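A.B. asks: One letter stands for each residue in the lines below.
There are 2 protein chains.
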Amino acid sequence: MSDRSYAILGTGAIGGFYGARLQQAGLDVRFLLRSDYEVVRDRGLEIESPHGDFTLPKVNAYNTVSAMPECDVAIVALKTTQNHLLPELLPPVLKKNGVVLVLQNGLGIEAEVAAIVGSDRVVGGMCFICSNKVGPGRICHLDYGMVSIGSYAPEDRPCGITMAMGQIAGDFKRADIPVKPESDLLLARWRKLVWNIPFNGLSVVLDATTDELLADDGTRRCVEQLMYETLSIAARYYRLIPREFVREMFALTTKMQAYKTSMKLDYEAGRPMEVEAILGNPYRAAKQVGVSVPRLEMLYEQVKFLDRSR
Amino acid sequence: MSDRSYAILGTGAIGGFYGARLQQAGLDVRFLLRSDYEVVRDRGLEIESPHGDFTLPKVNAYNTVSAMPECDVAIVALKTTQNHLLPELLPPVLKKNGVVLVLQNGLGIEAEVAAIVGSDRVVGGMCFICSNKVGPGRICHLDYGMVSIGSYAPEDRPCGITMAMGQIAGDFKRADIPVKPESDLLLARWRKLVWNIPFNGLSVVLDATTDELLADDGTRRCVEQLMYETLSIAARYYRLIPREFVREMFALTTKMQAYKTSMKLDYEAGRPMEVEAILGNPYRAAKQVGVSVPRLEMLYEQVKFLDRSR
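Same order as they appear, the protein sequences are chains A and B.
Note that this note's numbering gives residue 292 to position 292 of the first sequence, counting from 1, and the numbers run on in steps of one.
Note that this note's numbering gives residue 57 to position 57 of the second sequence, counting from 1, and the numbers run on in steps of one.
Just so you know, not all the hints are guaranteed correct.
Said to hold, decoys possible - Subject to a maximum C-alpha distance of 27 angstroms in a straight line, what follows is the list of computed DSSO-like cross-link-like pairs (lysine-lysine):
1. B:192 with B:173
2. B:304 with A:304
3. A:133 with A:79
4. B:287 with A:287
5. B:79 with B:95
6. B:133 with B:173
7. B:287 with B:79
8. A:180 with A:58
9. A:260 with A:79
10. B:95 with B:192
11. A:304 with B:173
12. A:287 with A:304
13. B:79 with B:96
14. B:304 with A:260
15. A:58 with A:173
16. A:304 with B:260
17. B:173 with A:255
Unchecked claim - Listed next, the stretches of chain A that the computed footprint assigns to chain B, with coverage defined by at least 3 CB atoms under 8 angstroms from CB atoms of chain B:
18. 204–212
19. 237–245
20. 256–262
Don't read these hints as lab results, they were simulated from the structure.
Predicted model only: the values in this text are computed from it and were never measured.
Using N, Cα and C, we set each Cβ at its ideal position, and we do this for glycine too.
Taking the hints into account, I'd like the entire structure generated from these sequences.
C.D. replies: Here you go:
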């Protein structure tokens, strides 16, 4: 039995859900909160889920990292728009050999974290989950939940299955969270971007759900072409994603039916959008290797404009 | 002195303004109206303009073409979204040698009109004017007003200055309307599209005025790239527009300050937008000659999606 301790930096739809599941499985979990701190300190966390609702009346809640004990694994579950806070947040909460698990969307985040804690202590994670925070300390899990994780190495070298990944995977499995180990983190990131770039971007610009974007032939073609542009960037970084993958993403999205992307939810709620992690960094990655991605570029500029206009 | 008679098909911001000026100058003008028919029949037209307000208490108003006498020049001043009506509207109002002047935005319209009335009777016109209909029979002219006109010939052959152009130009000058004759209509159409494509399209998608699009570096670059894409299509049709023209368009637009494009005004008012004339036809022109215009394509699909979503 593991006695690894976890710090959850950002107790929202992602951090709240996974952190609660880890605590429910008996692990030692501490939650960092801002606006919800008092409520969660007094009343704990409440999770609604098709896998069974549950309440944790008592959780270790903190509103500052300086009060938190050092932990073995720090899970970064903030929005990437808050990542400028990481240089303050991460060092105090990590044991000497502690590991950071980044549960965020987009490209280039692990390198930023590695610059803070060292490159041999960073694991990237991608959540395939529909989950919303519906109130302070109240998370509504709707569907899915799988997390794929891969270790980071400088210059995005694939590093196979590392011990840190194995330990985290073990803890997650104990909490009944499906985990998929990825031997090549960058490949996994690009695969997720193939979906995230078109659907997040267009859903904001066109005020549309995924099913609306797929129901119209024209926007369907836009989605497809943006996916191919993404494939073409990945290929220049030696990550070959077969064109067949685009068809799989269409099939998957059709099965999901009406879905509001995270960027669209942020936009509607008046929160900053993850423009740079999801669109800006991939665009700059393309530029750096001279791949032409006119559609991604225009989409990036459009979403950035809308993000700033508010 | 001319005794040419004019039929104005569509008495809105454009048709109402130019028709009123022609009548004011003593020409015989008949106006076709739909929703404003009763008001204009009873009260005439009222024009506010920096060049002097004026009222025409009595105009020849019609609500059907079958009642209109045949004329020498029929001015098509409908929105292009109404052009499916032209096969019914044009033949009854034209004398045997009558000419059609198309005062509309976009590409490919003269060919449609030529298919109805014959290709030697079509003159295309582009209005450089800020003008709005502010009520039934009430037009508010804000600025500018120049009309450039060019004769149509099959396959868009340049046809120099024709007699029909000369006669129309004469009547317009008599009405103090600045006229610029264009020896190559298609070149003039592409030049106008260089401005219309980016500003009309992006103003709708991003809910923005021209000055807002220019104030943001990212959208400014989008505008510029869309202009270059437009140049590249025109070039494949042997219409060479120098790259310097893009800079001129930026200077002109900066001078105009905050401006709402016609497509944006239509979108806000819940009216159908001129998507096909301004974006769809240029996109298809590019496709036909194999020019890659990914930004125009995405913009076209985006605006079409928004047009349909209402």
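A.B. asks: Decide, hint by hint, whether the structure agrees.
C.D. replies: Now for the hints, and whether the structure bears them out:
Our distance criterion of 27 angstroms between C-alpha atoms is met by residue 192 (chain B) and residue 173 (chain B), whose separation comes to about 22 angstroms. Taking the CA atoms of residue 304 (chain B) and residue 304 (chain A), the gap is about 22 angstroms. The hint holds against a cut of 27 angstroms. The hinted pair formed by residue 133 (chain A) and residue 79 (chain A) meets the criterion: a straight-line CA distance of about 13 angstroms does not exceed 27 angstroms. Among the hinted pairs, residue 287 (chain B) with residue 287 (chain A) is consistent with the structure: their alpha-carbon atoms are about 26 angstroms apart, no more than 27 angstroms.
For the proposed pair residue 79 (chain B) and residue 95 (chain B), the alpha carbon gap of about 23 angstroms is at most 27 angstroms, so the pair holds. Between residue 133 (chain B) and residue 173 (chain B), the direct Cα distance comes to roughly 23 angstroms. Compliance with the 27 angstroms bound is thereby established for this hinted pair. For the hint pairing residue 287 (chain B) with residue 79 (chain B), the CA-to-CA distance comes to about 25 angstroms; that is within 27 angstroms, so the pair holds. Restraint check: the Cα-Cα separation between residue 180 (chain A) and residue 58 (chain A) comes to about 30 angstroms, which exceeds 27 angstroms; the hinted pair is violated.
For the given pair, residue 260 (chain A) sits about 17 angstroms from residue 79 (chain A) by alpha-carbon distance, which is consistent with the 27 angstroms threshold. Proximity of residue 95 (chain B) to residue 192 (chain B) is assessed by CA-CA distance (about 30 angstroms); at most 27 angstroms being required, the pair is judged violated. At most 27 angstroms may separate the alpha-carbon atoms for a hinted pair to count; residue 304 (chain A) and residue 173 (chain B) exceed this at roughly 47 angstroms. Taken as a hint, the residue 287 (chain A) and residue 304 (chain A) pair is honoured in the structure, with Cα atoms around 17 angstroms apart against an allowance of 27 angstroms.
Proposed proximity of residue 79 (chain B) and residue 96 (chain B) is supported: the alpha carbons are some 25 angstroms apart, at most 27 angstroms. For the hint pairing residue 304 (chain B) with residue 260 (chain A), the CA-to-CA distance comes to about 21 angstroms; that is within 27 angstroms, so the pair holds. Taking the CA atoms of residue 58 (chain A) and residue 173 (chain A), the gap is near 23 angstroms; set against the 27 angstroms cutoff, the hint holds. For the hint linking residue 304 (chain A) to residue 260 (chain B), the alpha-carbon distance of about 21 angstroms falls within 27 angstroms, and the restraint holds.
Among the hinted pairs, residue 173 (chain B) with residue 255 (chain A) is inconsistent with the structure: their alpha-carbon atoms are about 63 angstroms apart, more than 27 angstroms. Only residues whose C-beta sits within less than 8 angstroms of a C-beta in chain B count toward coverage, and the segment 204–212 of chain A has 5 of them, enough to reach three; the restraint holds. Only when three residues or more bring their CB closer than 8 angstroms to a CB of chain B does the claim for the segment 237–245 of chain A stand; here the count is 0, and the claim is violated. With 0 residues bearing a CB less than 8 angstroms from a CB of chain B, the segment 256–262 of chain A misses the requirement of three and the coverage assertion fails.
In the structure shown, a violation is registered for the earlier hints numbered 8, 10, 11, 17, 19, 20, in ascending order.
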